[in-house]
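*Asks:* Residue numbers (this note's numbering), protein chains in the order written: chain A, 1 to 145; chain B, 1 to 145; chain C, 1 to 145; chain D, 1 to 145.
Bear in mind the hints are in silico, worked out from the structure with no lab data behind them.
Virtual Cβ for every residue (Gly too), placed ideally from N, Cα, C.
Short, incomplete list of chain D residues facing chain A, as computed with Cβ under 8 Å:
hint, residue
1, V34
2, H69
3, F72
Over the 12 Å line for every Cβ pair with chain C, so calculated as not near, a few chain D residues:
hint, residue
4, R3
5, R9
6, E16
7, F73
8, G92
9, E105
10, I117
11, D122
12, R127
13, T144
14, L145
Number of protein chains: 4
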Amino acid sequence: MKRPEAEPRSAFAHFEPLTTRWMDNDIYGHLNNVVYLSLFDTAVNQYLIAAGALDIHAGTVIGLVVETHCNFFDSLAYPQRIDAGLRVGRQGRSSVRYEIGLFAEGVEHCAALGHLIHVYVDRDKRRPVPVLPDEYLLALKGLTL
Amino acid sequence: MKRPEAEPRSAFAHFEPLTTRWMDNDIYGHLNNVVYLSLFDTAVNQYLIAAGALDIHAGTVIGLVVETHCNFFDSLAYPQRIDAGLRVGRQGRSSVRYEIGLFAEGVEHCAALGHLIHVYVDRDKRRPVPVLPDEYLLALKGLTL
Amino acid sequence: MKRPEAEPRSAFAHFEPLTTRWMDNDIYGHLNNVVYLSLFDTAVNQYLIAAGALDIHAGTVIGLVVETHCNFFDSLAYPQRIDAGLRVGRQGRSSVRYEIGLFAEGVEHCAALGHLIHVYVDRDKRRPVPVLPDEYLLALKGLTL
Amino acid sequence: MKRPEAEPRSAFAHFEPLTTRWMDNDIYGHLNNVVYLSLFDTAVNQYLIAAGALDIHAGTVIGLVVETHCNFFDSLAYPQRIDAGLRVGRQGRSSVRYEIGLFAEGVEHCAALGHLIHVYVDRDKRRPVPVLPDEYLLALKGLTL
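Generate the whole structure from the sequences, applying the supplied hints.
*Replies:* Here it is in structure tokens:
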């Protein structure tokens, strides 16, 4: 299996700017690995909300996370600002694999690269939708290179 | 105004044992101040749920936090285990002031002391209840010295 | 004692823009109370670092939190952007009380108001400094109305 | 590629009991996916500290996370208690792949399964150690089935 490598900004379709927090730094002085994952779902959902696909308060379709993965190449540290690069990796009937690169502000290659797989379900029954709603299909176009 | 002082275990009516996490330690090697507050609402709600007062999924009355306060006397650090001591400080018609002391396992005086004020509201309208439900009144008796 | 009230933006000397995260929203659909406190120490330290006062990796003087307090007036929720307003409340020989208001982007009155008291100590011995270093005195001027 | 499946408790060599927190529950009423990853590094490091391998304050060898992965099968929710099952997946010269299953208290199959790869480095130079220290080798034996 090929070892994952840091990718450049041009490998991503859209960027969400995010801020870091004092408590993100762990005892070794850089962002704890868990925080990277928090930036993943923050960036993905933020894009989906702004695109009009996800309504976390009243929407009938919500995304449940079934898989996450992250490779770490470089340290990030508070108070750095982060750009989260997004692209769609694989799009199924009811699931989407989002690929995310986290970039320190002004840096060309990502410090971490990973993915998050959402299965879209009916909010009440928590069963996968038969097909992605139109507003999701539209939003995902904006994450395609 | 009197300066707050570390209180002994005997000043609290009930204890909830809690574990710490790797990411709780900040760059200075001890629990970040914010984590103490997270242990506050974890301990209070855990007690209320176990006592049958709070049902976070289906209950019609929920507690909204309107004030928090914490004084820090001593460091705590992962992987220490914590005992959160609880008592009722003031009980109003629709609000309760919970006072919490955080103790390192096996230590007699608290490392931090603070409070959290809940106003109990109707879940949908978010308006204060006219009077605390019976199950809350019963639960609060268990936090009275 | 006077009940705290939401203050306008003009009551603060400096603002730090901060982003919220998916996981900040709790089961009731708004920012968990603990997150507000995390924005407090993020904003204060971010200002001190940018002002050249605090060097979290190599500085010999660090700020330890001895007291935090927060009053909550209004809900905030991811994905809202937050402006953290800062001012110096009280400045002692080795301690500073920072007062912080958290504002939803574009809103005139703060959703939460609180404070955080730092005691500045020698990094190794953790003993209070006899007097605040010049770079702190200079930085604090920027937080004075 | 085989789709990952929930494994039983017997597939793990050691268990660390962990508590959940109020703020772990997200708007959908269960533990946010990021929290699972926080339980991963909490459990791994807790074991290494108790086994005498890792000294986070004074040790000269520290573990840096280079990869994390998680598959989610079932919801967990505060205030559930969690058992984190641990085993060594692959042991290199300077790296270890820890495999972790998260179990709701009293439940036989894990709600989530994943891994975390540590590269052990010299604390100051952040260069991989040529060979794992004896205390790590000893500790890892306790995570072998």
